[in-house]
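Number of protein chains: 4
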Amino acid sequence: MTVHTGRHFLQIPGPTNVPDRVLRAMDMPTLDHRGPEFAELGLHVIAAMQRVFRTKQPVIIYPSSGTGAWEAAIVNTLSSGDKVLMAETGQFATLWRGLAEKFKLDIDFVPGDWRHGADLAEIEKRLAADKSHAIKAVMIVHNETSTGCVTHPQDVRKIMDRVKHPALLMVDTVSGLGSLEYEHDAWGIDVSVAGSQKGLMLPPGLGFNAVSDKALAASKTNSSFRSYWDWEEIIAANKLGSWPYTPATNLLYALKEGVAMLEEEGLDNVFARHKRHGAAARAAVKAWGLETVSIESHDHSPALTAVLMPEGHDADKFRKVVLENFDMSLGTGLNKWKGKIFRIGHIGHFNDLMLMGTLAGVEMGLELAKVPHRAGGVMAAMDVLTGKSVVPMTKAAVA
Amino acid sequence: MTVHTGRHFLQIPGPTNVPDRVLRAMDMPTLDHRGPEFAELGLHVIAAMQRVFRTKQPVIIYPSSGTGAWEAAIVNTLSSGDKVLMAETGQFATLWRGLAEKFKLDIDFVPGDWRHGADLAEIEKRLAADKSHAIKAVMIVHNETSTGCVTHPQDVRKIMDRVKHPALLMVDTVSGLGSLEYEHDAWGIDVSVAGSQKGLMLPPGLGFNAVSDKALAASKTNSSFRSYWDWEEIIAANKLGSWPYTPATNLLYALKEGVAMLEEEGLDNVFARHKRHGAAARAAVKAWGLETVSIESHDHSPALTAVLMPEGHDADKFRKVVLENFDMSLGTGLNKWKGKIFRIGHIGHFNDLMLMGTLAGVEMGLELAKVPHRAGGVMAAMDVLTGKSVVPMTKAAVA
Amino acid sequence: MTVHTGRHFLQIPGPTNVPDRVLRAMDMPTLDHRGPEFAELGLHVIAAMQRVFRTKQPVIIYPSSGTGAWEAAIVNTLSSGDKVLMAETGQFATLWRGLAEKFKLDIDFVPGDWRHGADLAEIEKRLAADKSHAIKAVMIVHNETSTGCVTHPQDVRKIMDRVKHPALLMVDTVSGLGSLEYEHDAWGIDVSVAGSQKGLMLPPGLGFNAVSDKALAASKTNSSFRSYWDWEEIIAANKLGSWPYTPATNLLYALKEGVAMLEEEGLDNVFARHKRHGAAARAAVKAWGLETVSIESHDHSPALTAVLMPEGHDADKFRKVVLENFDMSLGTGLNKWKGKIFRIGHIGHFNDLMLMGTLAGVEMGLELAKVPHRAGGVMAAMDVLTGKSVVPMTKAAVA
Amino acid sequence: MTVHTGRHFLQIPGPTNVPDRVLRAMDMPTLDHRGPEFAELGLHVIAAMQRVFRTKQPVIIYPSSGTGAWEAAIVNTLSSGDKVLMAETGQFATLWRGLAEKFKLDIDFVPGDWRHGADLAEIEKRLAADKSHAIKAVMIVHNETSTGCVTHPQDVRKIMDRVKHPALLMVDTVSGLGSLEYEHDAWGIDVSVAGSQKGLMLPPGLGFNAVSDKALAASKTNSSFRSYWDWEEIIAANKLGSWPYTPATNLLYALKEGVAMLEEEGLDNVFARHKRHGAAARAAVKAWGLETVSIESHDHSPALTAVLMPEGHDADKFRKVVLENFDMSLGTGLNKWKGKIFRIGHIGHFNDLMLMGTLAGVEMGLELAKVPHRAGGVMAAMDVLTGKSVVPMTKAAVA
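Protein sequence lines, in the order shown, are assigned to chains A, B, C and D. Residue numbers are given in UniProt numbering: position 302 of the first sequence equals residue 302, and the series is strictly consecutive. Residue numbers are given in UniProt numbering: position 382 of the second sequence equals residue 382, and the series is strictly consecutive. Residue numbers are given in UniProt numbering: position 98 of the third sequence equals residue 98, and the series is strictly consecutive. Residue numbers are given in UniProt numbering: position 243 of the fourth sequence equals residue 243, and the series is strictly consecutive.
These are calculated hints, taken from the structure and not from any lab test. Incorrect hints may appear among the rest.
Put simply, identical chains are the same to the list, so a pair is met inside one copy or across any two.
What the hints assert, rightly or not - 30 Å max Cα-Cα, derived DSS-like pairs, lysine-lysine:
(1) K388 to K125
(2) K239 to K220
(3) K320 to K239
(4) K104 to K83
(5) K164 to K214
(6) K131 to K104
Let the hints inform the model, and build the full structure from the sequences given.
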């Protein structure tokens, strides 16, 4: 049995630290999912999620992981053989591609070095070249959780408008929603994909799609087999606050509370808080003499900071030292970054002192694991938080 | 806002009343799903579910509704055009059939009157006639939640053995598992389908497949598109107590506790308790001068009792009277039973006095809704519970 | 370990069934009891309790049992040798008397038979005879939890006014408050004593005094040693929402929620609900051919029903049968009623079906314990709840 | 409404951060306090508290604050006019003295400067001079929460033995128990006083007395009025796991879990953890160029660190800055320290990263509040935690 002498620091970039209010909301007796009290809840959470996605169009809530919502985006709108344009931003883009391959999509994968957002120039080039509009969808990861690099969906939208490409724009904002600005309607997103366990501050177990009319129209003519993920039936049932199958009632209680908390703080304040924490974390990394995976200021994620280990030092060994000495979980390096980076999550229910505990844990872990570094990261982070050092805000930060 | 002056009686046949211990277990901080503490939990719950299914073969746990586990059973083992034999036992059999149709299976649907278990004679006839073994799977609902009629999977297995048919045997035991005897291995089931929100006493949000080697072999050669539901990757990850995507961590805490409670009571005691409550409920119905949907003693479900309304009386109007006067949710009539029956759930975390409160609520509701009936159902039920009236045990009860 | 296969029925007359909302409210991180967020809570719960006591005068909240609040009433206003008039209504009156004896009060104890409220005629006689006003306080138990007999404080107030006696009127309403009408100001009560674990629907751990200006004035000149229970310091600190010592923070969260629930239902509805349940319980007792301890309709408690066992049958043996067979706790007979009565609590978070489960448990327990009785109590109770039998309302019921 | 964007840092020296396990344990339905399941709990927690106090003699658990347990110690063993020797170590010693005065004890108060443990030389002198043994009790505060100075009870015991003084030794270990070594039996303590909301990691609401045979004997001949606090009845009832009045059931659930957590970690590890955190906190204070209230290494508390503000700077203004900017509650200066010191609690459910978040909050608060200080406290603390700087252990630390 693991002995926790205080609170575990869950600083992976999701699942994130779930607020007590959300846990307690979830911890209430399950309701009849066909009764009037539930219907009220159902309508409430759907409207709440529309506000979070900033959309007036349908939001679908699945009992699923975020992965399930990826699959839903595909099976509703695309068929085997359909051409799609994806961008290699990291492991989650790669996994989504893998999923798309299982459904036999024809994938044009814009290469990337896992240290940047999507290659926008290349995307524009390929879209412009696609005169026949063979590309049915452009699929982008908003906040690439494996690298801490952001691809701004509005940048992609501008490109598509510029080259007048009619493809659907699909965005995975699993670890972006509720942490970074997101505008499903204003940015012209056709399918947004999200999950409960990041900025929404819930345990894992809910997946989301926000869908545009255009996406809905595409789904009507799409012949891919689907049932569980099928939008149509769900949207129909949702009008009365119900679902075609038993929804994950208690996670919906949690969702109501999570969104209430986001709105009490104010979404804009939530976004500003994440940016501030991102800036402080990067200041720490710099002071340690280490390098963030993300290079360009336009790409830095406000939700997590991925850090390169010095050559010859294993990131997972370091993470183990941190876990065993300081009861903190850091994110592992995924796929090609395995052992080479670690990731600091600062998404969700979080504040300055939790961040400082986190960064102190990293700094002490570097010391104990004998990873070459300079002391003082925590000092640099405090200077950002107290405003002593003025941080040049990233474009993300002022978007 | 609904005012509850005491505990709501959630007597639909699932979701069921979730024990405080399970809710409280769920109400704990989310863990790193890639860390060692989680791995211990992962291995624990998989083993626990193997004991509940009574299998030594893999059990897959999905973040999904039970419906998702239906879909998983199909997409892993069957392809469009495959012939399957299903039996019309009620609404859930019909829904599963509808799902199978969406995946373009070729369905042979043995008709039923929604008042019995599956027509075993007809199943045997059709299987025997299928000399070419075109039928790839026999798909049966164990406890038909829409009617309260049981189809005993071991009966179907005996038929298949008798006619030496090699089809897969797939069983939906969503509302059976943890309430009625179930033996995945001993009964030669190939795919079992279950959900968290019935006999396992959890909130909705988890779906389950238990799979045989034969089903696994079938999945290896099956070319149906799938990713989320794909067994292979999950089984591989499960060996280390992890999942290929973020599992519904907090529902897994709940699952650990729910199975612990079943095992503290003892599964055999759990089954006996449900039978006793079923017998008491049926005694009440009989005393009221009403009729259960289920006719044959072999078919009576220990988990719920569906009751026919007297001609000219609307079941949903009656349910509304009960809800508004007594804060009790009863199950609605589904599909062709709409308005004609109501269902009394006695699954899960339940005891004699909860049952008596439930039956008293029905009897008083009949009175207030002016439904013709005789008083005394609660008396008859008490006689069963105290042993004053010896109830001829159904075959289900002694299975 | 005790195995509970469903919810335990906690039908002692307190502690009562605590609502999930109250438990969950209590289950939140403890706050700084000297900070601004706590101060808001402090002011909130004091105001809330004033509304429940129906007073504009101070309410003091102790981290204590109700017994502590008894002691507080005494040590703040009375000194050793002071004469007080008490009435023997049952065990709690007797215990309060015992406490008063420990503080060397000179107690005039009006005798009673433990089957009625206080002997008002005798009280009037003794007060009238006390021309010198030696009696400093009249101390009455509102709802005598050991017998289910009510003494109406307003009746006592009328007597005191009639004979123009200036003694303080002190009322133990531990099991009355939040279940029966109570008017601290309008009825001219000087010290009210209450506890958290009855009609307020909280776990035990808080005691209350509501005090009049007259009582406060008495406390100022009273020289009894006291510190923990001293009103003065607490009232002073309470003005800022704080306490002179660390208050039971999490029980205060519970209190906020408990009162919120009472007010959502409406106190008058709460009282009517208790009366209705009392009437139904008494109808059941009558139908069983048993006798309630309370004899006069003016005295019947809406909060609990005490039942006499037939001669030669041990009430505690019966209670054991009920506990072991039906997982229900009934109240034991106290002191001279030991073994001779059992008590059915229907206070607090309660509804018709919980009552019916309770009464069914009693009826089945009588059967299993072979206690002579007629069947049909549950039927009689249902007739009251459905309005089929019109119950002559007690004076308590229309007060 | 206060918006918390992450967890509040409750760094007052009690109430302390309550572990989720303890909160969740408390959040379970209330039991019949006269039933067998409760009796098991009662016996369990009494035995558990005996292990924590390291005593085989009775432990009494009150529904009360720690203040109540102070009063209990006095009213059980002492009468008005009795002479007692107390030592002015700070506000809590002063408050206990105030309480003793209310009960008209004759108090010899050994003066102190609120920056040290008790003046042991002076205590020895006064005890030695008391040839007639007029002094009935020596009353000491183990861990003076208002200053962070420890008086080691075993030191006092040695003095009493040396001068062969038969007075009772009473120790307030409210904020010591469960954080600092404590040996009720081995150190010859007669009455120990404790509370739930510090090292036991519970919410406030329980007070404790551990009592020696000698103290019990004294109580038998002591004529002070008492009822609620009376040991005798409670000890008698406790033998069967019950109480003479309704105990605070749900706080007892919490107590069971809190002690379980202490024992899973191991009490010796718990003590070592607190010392380590104390050393790190003092290193931070020193690095800031500030001064701890506690001067001598023998006196430093492992449970909290009190810090002197630079002349001309108001501690409460600083605390407000910290609360508003960093959602952290620090302890205020009490009485003569009002405005001049702040206190950092590191008691209870706590770990290195929580400490680092705490110290970072202090350092950033000093910056924002423009309190003169040197940066680098957090660095110095990290050096202690990583073992880079070897801290000369205080005698307390090696006791």
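Same-copy or cross-copy closeness of K388 to K125 [CA-CA at most 30 Å]: For K388 and K125, neither the intra-copy (43 Å) nor the inter-copy (55 Å) Cα distance is at most 30 Å.
Identical-chain pair category, K104 with K83, by Cα at 30 Å: Both ways: K104 and K83 sit 10 Å apart in one copy and 24 Å across, limit 30 Å.
Homo-oligomer pair classification [K220, K239; C-alpha up to 30 Å]: within (18 Å within a copy, 40 Å between copies)
Copy assignment of K164 with K214, given that the CA separation must stay at most 30 Å: within (15 Å within a copy, 52 Å between copies)
Intra- versus inter-subunit Cα pairing at 30 Å for K131 with K104: within (23 Å within a copy, 35 Å between copies)
Within, between, both or neither: K320, K239 at alpha-carbon 30 Å: between (48 Å within a copy, 21 Å between copies)
Of the numbered hints listed earlier, the single one contradicted by the structure is hint 1.
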